[in-house]
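Student: Listed below are the residues making up each chain.
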Amino acid sequence: MLFFSYFKDLVGREVTVELKNDLAIRGTLHSVDQYLNIKLENTKVVDQDKYPHMLSVRNCFIRGSVVRYVQLPPDGVDVELLHDATRREARGG
Amino acid sequence: MSWAGPEDIFLSTSLASYLDKKLLVLLRDGRKLLGILRSFDQFANAVLEGACERVIVGDLYCDIPLGLYVIRGENVVLIGELDLEREELPPHMVRVSAAEIKREEFLSSISSMNMRICTTSFTSLKEEFLSSISSMNMRICTTSFTSLKAQKAERDATDLKGSMRKRMEFLDLD
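If you read the sequences in order, they're chains A and B.
Note that this note's numbering has the first sequence beginning at 190, numbered continuously upward.
Note that this note's numbering has the second sequence beginning at -3, numbered continuously upward.
Rather than coming from a laboratory, the hints here were simulated on the basis of the structure.
Keep in mind the model is a prediction, meaning the values are calculated, not measured.
Warning: the hint list may mix true and false statements.
Unchecked claim - Straight-line alpha carbon distances no greater than 16 Å define the calculated EDC-like cross-link-like pairs of lysine to aspartate or glutamate that follow:
hint, chain 1, residue 1, chain 2, residue 2
1, B, 18, B, 79
2, B, 17, B, 81
3, B, 98, B, 59
4, B, 157, B, 123
5, A, 233, B, 79
6, A, 209, B, 70
7, A, 209, B, 25
8, B, 17, B, 84
9, A, 233, A, 211
10, A, 233, B, 83
11, A, 239, B, 55
12, B, 18, B, 59
13, B, 18, B, 84
14, A, 239, A, 207
15, A, 239, B, 84
16, A, 233, B, 84
With the sequences and hints as input, model every part of the structure.
Tutor: Below is the structure:
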C-alpha cells in the first residue's frame, strides 16, 4: 500500500503519465486507487499530433496495469519520509 | 476502483462519474471506441451503448457503428471523457466512408510491411557485406601482396557485388 499512499499525497499535483503504448499524458492528478488506476484532469497529450483522437479528452481514467512511468514534479518526493515509510513497510508494519 | 457512495464519486477513481456520458475508450490493441458508458465494475469491465469504432488513417477517419458492447477490463488502456464543447478531431481531418477507410487501412498496412521487409533485408545485407569485407581483409593481410592474391580479392569483390546486386533486384528498389 506504500505507493498507493504515496500517490494519494500527490493528488492535485501536475504529473505526466507514460503508458506502455508510449502515449504520454500530462494532467492534474485527480485520484488514485489500490490498483494504481489513475484519474487525470485537464489532460494534454504530450505528442498531440500523433494522437488526434485525444484532442477533446479533458478528463480521463487510466488503468493501472497499462502505466509504464509516472513523472512527478521535482519536489514531489520527501526522501526522508519515503525512506521511513519504506522501512516500516519492509518490517511488515 | 472502489464502490464509493454518491457523495464522493467525484473525488474517487470510480468510473461512476462517467456513467451516461459519451466516452472514448482506448484499447490495448490500439482501437478507439466511442460510446455511452452504461455500466462498469472494479476491473474496468465496461458496457458501452451505441458504440462505434473510430478508425483513423493519416488525415482520414471513419466511425464504424458497432452497437451495444461489453468490453473486458483487461483490454482497457484509458477511458476519456469527451469534452462536448471542443471539436473531437482537428479541423483538417476528413470523414470518409467505411469502405474507403478499409482501403486506406489496407494500403498503409502494405506499405509499412514493405518498409519492414526492406529494413530487415538491408540489415542482413549489411552484416553479410561487413563480414565478407573483414574476411577479405584477413586474406589480404595474411598473404603478402602477390598479384595473384590481389586478383583473387578483386574477383571476390566482384562476386560479392554481383550477389548484392541480385539481392537488391529482389527488393525491387526502382
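Student: Hints broken by the structure, by number, lowest first?
Tutor: Violated hints: none at all, because every hint is consistent with the structure.
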